[in-house]
Structure formats: C-alpha cells, structure tokens
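K.L.:
Residues per chain, in single letters:
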Amino acid sequence: KNEVEQSPQNLTAQEGEFITINCSYSVGISALHWLQQHPGGGIVSLFMLSSGKKKHGRLIATINIQEKHSSLHITASHPRDSAVYICAVMNYGGATNKLIFGTGTLLAVQP
Amino acid sequence: DTGVSQDPRHKITKRGQNVTFRCDPISEHNRLYWYRQTLGQGPEFLTYFQNEAQLEKSRLLSDRFSAERPKGSFSTLEIQRTEQGDSAMYLCASSLARVGTVNTEAFFGQGTRLTVV
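Quick note, the sequences are listed as chains A and B, same order.
Take the first sequence: its position 12, counting from 1, is numbered 12 in my numbering, and each next residue is one higher.
So the mapping is simple: my numbering equals the position in the second sequence, first residue as 1, plus 111.
Derived from the structure by calculation, the hints contain no laboratory data.
Glycine included, C-beta positions come from ideal geometry on N, C-alpha and C.
Among the clues, some could well be false.
[Claimed, not checked] Covered stretches of chain B, as calculated for chain A (at least 3 residues, CB under 8 Å):
1) 149-156
2) 214-225
[Unchecked claim] Listed next, with one range per pair, are the computed distances between beta-carbon atoms:
3) B:T124 x A:P39: 15 to 25 Å
4) A:S50 x B:S138: 24 to 34 Å
5) B:I123 x A:H56: 16 to 26 Å
6) A:N64 x B:Q152: 18 to 28 Å
Can you build the whole structure from these sequences, using the hints too?
P.N.:
Written out as structure tokens, the structure is:
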C-alpha cells in the first residue's frame, strides 16, 4: 500500500464544474504539498500546508491532520486547469524534508 | 532568477552509454533534491544535498548513478551504462532551509526526460 493515496486517478469535468481531488496518507507529516504537472513535465507547487485551509484564486486546499486527509478544490473549472495534480507529503521527523508523492490525478476539463 | 533550471530537457541515448544531467537551483537555496518519475507514477526520491554535502541516497540509486554538487550550487546526476529501465523523467528541486524552520517549500525544475533505446 502506498504511503500517499490519491483519488480519483482520472477525472473528467465540464467547464465550470466544481472539482475535488482527495489525498490520504499513512505517515506522520510535517507538511503537505499540492503540485500541478503539465504534459511537458515541469511541476509547479500550488500549496504547502500543515493545517487548516489555504486559498489562491480558484484553488482551495484543506487538510485534516487528525484524519490524515487533504483535499484540493477547483472552483469554476476551466480547460486550462487540465493537468496532473499530485499530492506530496513531508515525512515528520525527517531532516531532509524530502517529499513522498502520490501517483497523481489526471484532470481533463472539457469546454 | 527564473527558478530551477535543468539541462537538457530531453535526452535520447543508446543502451550502455553514459549520460549526465545538470540542475541549477534557485540562487541561495541550500537544499537540492533529485527525483525520478516513470510513466504514470508519482516522482520518487533519489538523493538530497545540503549545500555540497550529499546527505541521503535512496536505494533506488544503484552504483551506476552518481550525483555531485561540488560548490553547493549546481548539481549533476550521471548515469553510467544506461539501461532501458532508466528511461524516466529526472526532476530536480531546491529549497531554502532556515534555522528554526521545519517546513521548506520545494521548487521544481522542468525535468530532463531520458529515453534509453
């Protein structure tokens, strides 16, 4: 079983829909990242959070430390949001702050 | 500074050849990470540098792989005697760790896509 699990693995939505991607993890963490990866390969950090909720534009990320669960929400989705969204955690107590990644959620937003 | 840059973006090589990738982190970032991502999977940790010191290596990093960060700035990842199984995206990330700060945000490069034929 992977230490970081994401669901769904694939998601197709119509433009304008509200989208939720979920992430569950089984290790103690100090922080969680939500990342976006486009077909070219480069990864962009969307959020780093260790508690509560963060919002940036149409993106909202929440985390529940007790339940070891995080969600990424996209409001008013747009075709340009189509990408792979990856959840990654920083293992608590690790000196390196290396990330443990989920396998990603492939999102396709259709016009 | 435009972020983390990696070179080359793409590399096609014949099995058995050696390849070297370069990563230039964000200036003054003291931490540098290499990750490997195969098709359909999330990235996996390979190795980590704090300044010029290589402090951790994954068991994924066989003896054909070597990484350096000689002056604590750019880093190179070399793969000797490449195998088809080495085909992957190699990602570099950097971060700035400050005394007293637990969590450090990682910034990623565009990656080097290696294809071994």
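K.L.:
If you check the beta carbons of A:S50 and B:S138, does the distance land in 24 to 34 Å?
P.N.:
Hint holds: Cβ distance 26 Å, inside 24 to 34 Å.
K.L.:
Is 16 to 26 Å a correct range for the gap between the Cβ atoms of B:I123 and A:H56?
P.N.:
violated, 37 Å
K.L.:
At a Cβ distance under 8 Å, does chain A reach at least three residues of the region 149-156 of chain B?
P.N.:
holds (count 6)
K.L.:
Between A:N64 and B:Q152, is the Cβ distance one that fits in 18 to 28 Å?
P.N.:
holds, 26 Å
K.L.:
Would you say the region 214-225 of chain B counts as covered by chain A, given the rule of at least 3 residues with C-beta under 8 Å?
P.N.:
Held - the region 214-225 of chain B has 10 residues with a Cβ nearer than 8 Å to chain A, which meets the minimum of three.
K.L.:
CB of B:T124 to CB of A:P39, is that within 15 to 25 Å?
P.N.:
holds, 22 Å
The structure fails hint 5 only (numbered hints given earlier).
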